[in-house]
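Numbering-wise (full-length UniProt numbering), the sequence shown opens with residue 1 and increments by one.
Take the hints with a grain of salt, since some may be wrong.
Derived DSS-like pairs: lysine-lysine, alpha-carbon spacing no greater than 27 Å straight-line [unchecked claim]:
{"id": "1", "residue 1": "Lys22", "residue 2": "Lys43"}
{"id": "2", "residue 1": "Lys22", "residue 2": "Lys60"}
{"id": "3", "residue 1": "Lys35", "residue 2": "Lys60"}
{"id": "4", "residue 1": "Lys92", "residue 2": "Lys4"}
{"id": "5", "residue 1": "Lys22", "residue 2": "Lys4"}
{"id": "6", "residue 1": "Lys4", "residue 2": "Lys35"}
{"id": "7", "residue 1": "Lys22", "residue 2": "Lys35"}
{"id": "8", "residue 1": "Lys43", "residue 2": "Lys59"}
{"id": "9", "residue 1": "Lys43", "residue 2": "Lys92"}
{"id": "10", "residue 1": "Lys35", "residue 2": "Lys59"}
{"id": "11", "residue 1": "Lys4", "residue 2": "Lys60"}
{"id": "12", "residue 1": "Lys60", "residue 2": "Lys43"}
{"id": "13", "residue 1": "Lys59", "residue 2": "Lys22"}
Computed beta-carbon distance windows for the label pairs [as the list claims (entries may be wrong)]:
{"id": "14", "residue 1": "Lys43", "residue 2": "Glu94", "range": "30 to 40 Å"}
{"id": "15", "residue 1": "Asp26", "residue 2": "Lys92", "range": "15 to 25 Å"}
{"id": "16", "residue 1": "Ser61", "residue 2": "Ala40", "range": "19 to 29 Å"}
{"id": "17", "residue 1": "Ser68", "residue 2": "Phe11", "range": "17 to 27 Å"}
{"id": "18", "residue 1": "Pro97", "residue 2": "Ile73", "range": "22 to 32 Å"}
{"id": "19", "residue 1": "Ser71", "residue 2": "Ile93", "range": "18 to 28 Å"}
Hints listed in this document are in silico derivations from the structure and should not be mistaken for laboratory results.
For clarity, every value in this text was computed on a predicted model and none was experimentally measured.
Ideal placement from N, C-alpha and C gives every residue a C-beta, glycine not left out.
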Amino acid sequence: MTHKRPTFDTFKQTALKDPEVKAEYDALSTAFEMKRQMIALRKRAGVTQEQMAALLGTKKSNISRLESLNSSISPRLATVEDYARVLGYSVKIEFEPRTH
């Protein structure tokens, strides 16, 4: 008898039923989405992390850490604005009411 491994989506749905996991997920989701967008913008522009570092006057390791989805580092708003600016974008922040 073979057991089918759960998909990531199934695993995520199950895990998010735990209130503690859900709270942590919600707390991290904004930072995760911001970093995901930053990476996508840089790649869409055809800019490497090394080039991005040069544009921002920093080291590649700083860009890598800034973009890391596994990092709990929260960049300063000015850093995010500079990152967006050199790629031809601006930063827009919206506040939304909590749903819980």
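Any hints from earlier that this structure breaks? Give me their numbers in increasing order, please.
1, 2, 4, 6, 11, 13, 14
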